[in-house]
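Can you build the whole structure from these sequences, using the hints too?
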Amino acid sequence: MSAALAPASPAELAEAVKSAPRVVVVGTGTKPRLAAVGDDVVRISTARLRGIVEYEPSEFTFTALAGTPVREIAAALAERGQYLPFDPPFAEVGATLGGTVAAGLSGPGRFRFGGLRDFILGVRFVDGEGRLLRLGGKVVKNAAGFDLPKFFVGGLGRFGALAEITFKVFPRPAVTRTLRLPAADAAAMTKIMTNAANTRWELDALEAAPDEGVAYARLAGPAVALDALASEIFARWPGEALVEAAAGKFWRDVGELAWSHAEGTLVKVALTPQQVPEFVAAARQTAEARSWIGAGGNVGYFSLPAGAPATTLAKAMLGRNAVTLRGTAPLWPGTRTKFEVFRAVKAALDPQGKFPGLDE
Amino acid sequence: MSPDVLHRLAAVLPAGRLMSAPAQLAAYESDGLTAFRARPLAVAVPETQEEVIALVKFCSAAKLPFVARGSGTSLSGGSMPIKDGIVIALNRLNRIVRLDPAQRVAVVEPGVINTAISVAAAPHGLHFAPDPSSQTICTIGGNVAFNSGGAHCLKYGMTSNHVLGLKAVLATGEVVEFGSASREQVGPDWTGLFVGNEGLFGIALEITVQLLPRAETFHTVLAGYRTLELAGDAVSAVVASGLLPGALEIMDALALEAAVAAVHADYPAGCEAVLIVELEGPREVVAADRVRLDGILAKSGAVEVRVARDAAERGAIWKGRKSAFSAVGRLSPDFIVQDGVVPRRRLGEALRKIGEWSREAGLRCANVFHAGDGNLHPLILYDGSAPDGLERAEALAGRILKMCVEMGGSITGEHGVGMEKRAFMPDMFSAEELACLKRVRAAFDPLGIANPGKMFPAAEAPALTQHGLHPLEKAGVISRE
Ligand SMILES: Cc1cc2nc3c(=O)[nH]c(=O)nc-3n(C[C@H](O)[C@H](O)[C@H](O)COP(=O)(O)OP(=O)(O)OC[C@H]3O[C@@H](n4cnc5c(N)ncnc54)[C@H](O)[C@@H]3O)c2cc1C
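These protein sequence lines map, in sequence, to chains H and R. Just so you know, we're using my numbering here: the first sequence kicks off at 2 and counts up by one. Just so you know, we're using my numbering here: the second sequence kicks off at 259 and counts up by one.
Treat the hints with care, since some could be wrong.
Pairs of lysine-lysine residues, derived as DSS-like cross-links and limited to a Cα-Cα distance of at most 30 Å, are as follows [what the hints assert, rightly or not]: (1) R/Lys413 to H/Lys347; (2) H/Lys192 to H/Lys316; (3) H/Lys192 to H/Lys250; (4) H/Lys19 to H/Lys139; (5) R/Lys321 to R/Lys696; (6) R/Lys413 to H/Lys139; (7) R/Lys413 to R/Lys660; (8) H/Lys19 to H/Lys347; (9) R/Lys413 to H/Lys192; (10) R/Lys696 to H/Lys19; (11) R/Lys696 to R/Lys315; (12) R/Lys696 to H/Lys139; (13) H/Lys139 to R/Lys660; (14) R/Lys321 to R/Lys425; (15) H/Lys139 to H/Lys347; (16) R/Lys413 to R/Lys341; (17) R/Lys611 to H/Lys139; (18) H/Lys347 to R/Lys321; (19) R/Lys425 to H/Lys316; (20) H/Lys339 to R/Lys696; (21) H/Lys339 to H/Lys316; (22) R/Lys696 to R/Lys425; (23) R/Lys696 to H/Lys347; (24) H/Lys250 to R/Lys413; (25) R/Lys696 to R/Lys660; (26) R/Lys315 to R/Lys341; (27) R/Lys611 to R/Lys577; (28) R/Lys425 to R/Lys413; (29) R/Lys696 to R/Lys341; (30) R/Lys413 to R/Lys611; (31) H/Lys339 to R/Lys321; (32) R/Lys577 to R/Lys557; (33) H/Lys339 to R/Lys315; (34) H/Lys347 to R/Lys425; (35) R/Lys425 to H/Lys339.
Since the hints were made in silico from the structure, they are not lab data.
Structure (structure tokens):
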């Protein structure tokens, strides 16, 4: 493998992109499968491309270089009582902002106000021809030009190299309460999730651990209000509130997907709440598989130990849209519909195929 | 274009659904930005998705330009026709295909009216969050094309934040399906790229939107201030407090005067500005948050603070706010509405400049705006019958837009670039950035037949004729925000 290039500024990133016939940008490798491409592709590391460029608490916005660790950003925001409401995952283990955008990953908080795609405002990126371009805006509201910033979410860096990203942030709620709600089976768990989502409570997060048979609800807001809401929820579904320290650890673990096979395969699957029981059943039928449900039943995560055969995984995906974050499985283990326009947009942003295609 | 093309085109649809008589075309000559007009060759009125696909395939084969049209309420000339092209009117594709309360999603055709979604969802305690002031009349297809906003964007985002997936026929004739009914996506966000394309990629045929539970409680407050600066400072104080209101809106003296005249709105006397703040959520949360809000407003130098005690009083506050623009329009024969965005902390400075420049230009300018997200809507009043009335108004509008860009904001927060602001795109984007946007456009529409002449700066602009109220505003059906 070629030695990594490590640009320290957007201009240097543009030079790095121009310096080799084929390149791929990598962060800290928390989702290694996404950048596992051929050895002929030169790796550009964002390790030195870091730092918060602008932070305006009064505007609810910040701009940071792509290699900035999410943890660093979260700390800076917390000092001013703000946060990224979608709880970017893998923050504790060093995920970068750019890597999180390219992977298109959101954590539990996405349930309430939306995911990463709903908070990204603008990007500076290097296209396949080495041009440094800025699209989107730096203010919370902007409708000028096509929304390429959103398009880069989940694009795995295959359409451009992210240099700098602007996000909207929110004030952090005063306190949170975590409610553990055991369920008899997957159907009951799903029912808790769909019912809890359609109430006056405005839950902050709604996850489920199928292997444990438990749904987890999080409330966020002023302390006096949350206790009343929590009692109402418990009156409907018996359960228990986690004490603060346990809740903190619980959500940190959720954020790191700590339940998954550390050395094994980890796959993200787009779901609808209705598909949850089927997804869980397929996981149950797969030896050693572990799974997790997030965003009120709109995302499933699936993990197999290292060395599990690819066919096992493909079977468990039930033909849904899925992407492998970790492990040696195919990048897209489920189905992927392709349209002619996909090729045309790739050619518009990267005519020479400087960045690997989505199928590499 | 030869009459032969129209003949062949007519054969694509059942009889009687291609209109080309001048009298039939007149209604389609402009949109909400009445300054721009063009007469299309014909207006096609499909009733099914298949018919739309057949029309677009025909246009692609014949290199015939087309403009998709919902209700024609665009304020930036986005749905203005192309002289040598056709209009594809989508109002009859107005079926709610599926409403799934358990998953909180709806699948709708593009001609469905924005509020119709919330009306259908209401029995399940759900609603569709994007709420442009034109919501009782504009279509979801238009909302998708323009990524439309409303009064609740800071907390809930724009249309794009509520669109999970869509089916569309691209200008090439290719039929695509992006996203799904899931709130999470895998792979690049094609749906996100499509929303906000201003009709330049193709036509949305079916849109999957997320629905949200309706908030249980609202706490709506109206505060009057002696100066705009004080109202602006109050916004900053609310934002700095860590509260996240559903809406934060300001109206200035001229807008207040107009609202009083038009809908008999009642405001504290002697105020140069009124601030509207609304908290929403579970009653326990709102009860706790309102104590903080009331404390902040009590110290904000307000002349008077009024709290809506019931739904009727809340409705009255919003009626004044939402009717303000059309009300201002009644004070003057003609007006231009602008849609620039500035960083919130520079709102005071921006408003001061707008005031100075209006006085310099000898024009009156009312301000009604989304203070929470820095989205200004200066409304420039002028007399189109005066020799240089329109030119002076346009010059002032342009000056304001350039100021927005210089302050680090945007030329449009929610009305889109369309025809009106295309000349200002180079102020926001470099030549290379515009070229990139054009290449992306060409990927969806290599022939440049979908809504050509919009968004990108072009050589010839159609002659400006007159500004004024949208016909539906005159009729009091809609009001502008
Ligand atoms: C009084 C008034 C108040 C308004 N208030 C607001 C407001 O608060 N917030 C706001 O954001 N806007 C507002 N607007 C602007 C306007 O209502 C919105 O832009 C709205 O989304 C347009 O919807 P429409 O159905 O009228 O679309 P049209 O004007 O018919 O079309 C708008 C654009 O969408 C394209 N289009 C339409 N349907 C489709 C489709 N199916 N597929 C692809 N492209 C399509 C058209 O080609 C055009 O470019 C207001 C307008 C008026 C007149």
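Each hint, compared with the structure:
1. R/Lys413 to H/Lys347: Answer violated: R/Lys413 to H/Lys347 is near 33 Å, above 30 Å.
2. H/Lys192 to H/Lys316: With a Cα-Cα distance of about 25 Å, the restraint between H/Lys192 and H/Lys316 holds, given a limit of 30 Å.
3. H/Lys192 to H/Lys250: holds (26 Å)
4. H/Lys19 to H/Lys139: holds (27 Å)
5. R/Lys321 to R/Lys696: holds (18 Å)
6. R/Lys413 to H/Lys139: It holds: about 17 Å lies between the C-alpha atoms, which stays within 30 Å.
7. R/Lys413 to R/Lys660: holds (27 Å)
8. H/Lys19 to H/Lys347: Given pair H/Lys19, H/Lys347 holds - Cα atoms ~17 Å apart, limit 30 Å.
9. R/Lys413 to H/Lys192: holds (28 Å)
10. R/Lys696 to H/Lys19: holds (22 Å)
11. R/Lys696 to R/Lys315: holds (22 Å)
12. R/Lys696 to H/Lys139: holds (21 Å)
13. H/Lys139 to R/Lys660: Holds: H/Lys139 and R/Lys660 sit about 16 Å apart, inside 30 Å.
14. R/Lys321 to R/Lys425: holds (23 Å)
15. H/Lys139 to H/Lys347: holds (25 Å)
16. R/Lys413 to R/Lys341: Measuring from Cα to Cα gives roughly 40 Å; hence the hint is violated.
17. R/Lys611 to H/Lys139: holds (21 Å)
18. H/Lys347 to R/Lys321: holds (24 Å)
19. R/Lys425 to H/Lys316: Holds: R/Lys425 and H/Lys316 sit about 28 Å apart, inside 30 Å.
20. H/Lys339 to R/Lys696: It holds: about 23 Å lies between the C-alpha atoms, which stays within 30 Å.
21. H/Lys339 to H/Lys316: holds (21 Å)
22. R/Lys696 to R/Lys425: holds (22 Å)
23. R/Lys696 to H/Lys347: Status holds; Cα separation ~14 Å.
24. H/Lys250 to R/Lys413: Roughly 28 Å separates the two Cα atoms, so the pair holds.
25. R/Lys696 to R/Lys660: holds (22 Å)
26. R/Lys315 to R/Lys341: Cα-Cα ~20 Å, so holds.
27. R/Lys611 to R/Lys577: Measuring from Cα to Cα gives roughly 28 Å; hence the hint holds.
28. R/Lys425 to R/Lys413: holds (27 Å)
29. R/Lys696 to R/Lys341: The given pair, whose Cα atoms are some 22 Å apart, holds under the 30 Å limit.
30. R/Lys413 to R/Lys611: Given pair R/Lys413, R/Lys611 holds - Cα atoms ~28 Å apart, limit 30 Å.
31. H/Lys339 to R/Lys321: holds (25 Å)
32. R/Lys577 to R/Lys557: holds (27 Å)
33. H/Lys339 to R/Lys315: With Cα atoms ~20 Å apart, H/Lys339 and R/Lys315 stay inside 30 Å; holds.
34. H/Lys347 to R/Lys425: Measuring from Cα to Cα gives roughly 20 Å; hence the hint holds.
35. R/Lys425 to H/Lys339: holds (14 Å)
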